[in-house]
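Taken in sequence, the protein lines are chains G and A. What the first sequence shows, in the numbering used here, is residues 1 to 176, in sequence order. What the second sequence shows, in the numbering used here, is residues 1001 to 1095, in sequence order.
Calculated from the structure, these hints are not laboratory results.
Examples of chain A residues lying across from chain G (beta carbon under 8 angstroms, computed):
1. Leu1005
2. Lys1010
3. Pro1015
Derived Cβ-Cβ restraints for the label pairs, each shown as a range:
4. A:Arg1043 x G:Asp46: 24 to 30 angstroms
5. A:Val1066 x G:Gln25: 55 to 61 angstroms
6. A:Asp1004 x G:Arg89: 27 to 33 angstroms
7. A:Glu1045 x G:Arg70: 32 to 38 angstroms
8. G:Gln25 x A:Ser1016: 14 to 20 angstroms
9. G:Arg89 x A:Arg1043: 40 to 46 angstroms
Straight-line distance between alpha carbons at most 20 angstroms, and here's what the computed SDA-like set of lysine to any residue pairs gives:
10. G:Lys13 x A:Arg1032
11. A:Lys1010 x G:Leu160
12. G:Lys13 x A:Met1025
Beta carbons: idealized from backbone N, C-alpha and C, even for Gly.
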Amino acid sequence: VIAESDLVRRAAKGDESAFLIVWEQHRDAVYRFASWMLTDSSGAEDVTQESFLALLDHPSRFDPVAGSLRTFLLAIARNFCRNRLRKLRPEEDLDVEEASGADLLDRAVQMETSEMVQSAIAALPPLQREVVFLFEYEELPMAEIASLLATDVNTIKGRLYRARQRLRRELLWMKT
Amino acid sequence: MDEDLTRLIKSWRAPSPGTDFDRRMLSAFRGRAPWWQRWWTMRIEVPLPALAAALVVVLFLGILLVRGRFDRPIQAGGWQPVAEPTLKVIREVHE
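Let the sequences and hints guide you as you build the complete structure.
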């Protein structure tokens, strides 16, 4: 078994087979995360590519002691997503909820479940959105999420609580 | 209630990436290599009929070149072979 740090180092030096191993192992997680954050598949593809290229440009920044390669790549992708969100909606506060989801619910009446979830996710503030993904999909422990997002566990718990409250309100209401 | 919510959240599926997603990434990866490395590992795709036609042309030109070399008259520093030689036998040499 080749260590992740060795694979990254080899890939950064141009070893295509090493790169393909890293790519195939983590591509889906990074792409899913970017899709979740941006709700745009084309932007998600770009962010995924940028994240892997950033890893290759600075392989020494990956420290296997601090966390797994997947977590590291997700952290890179998070930065790219935030940059994009800021460019798209510069006035938006990343942690402030929008006034109401009522119009969203009106539009969602005829939607399929997956589309409903997509709409509800899109309505979440980005900082809450990323916490839900990392906790529910990646099933990362709170401490690892806190480390990845460079904050403390209580903040993560607060964001997750608010996100779940909002999703519960919208999704379960839509379902009934 | 919470389980319902978790199930709903997990019902979300990311849209499928484009068909050239992997290829784009690989080409970006290869684009990072230095020029000499890219040149060394460069590949081109040529349709078989075009390759066959190019080989026939090269072969034809090669044959023309070789035939042209053998058909060319020999020129040895201005000396030409005698067209109608006449033989003259010299029996003795007077010094």
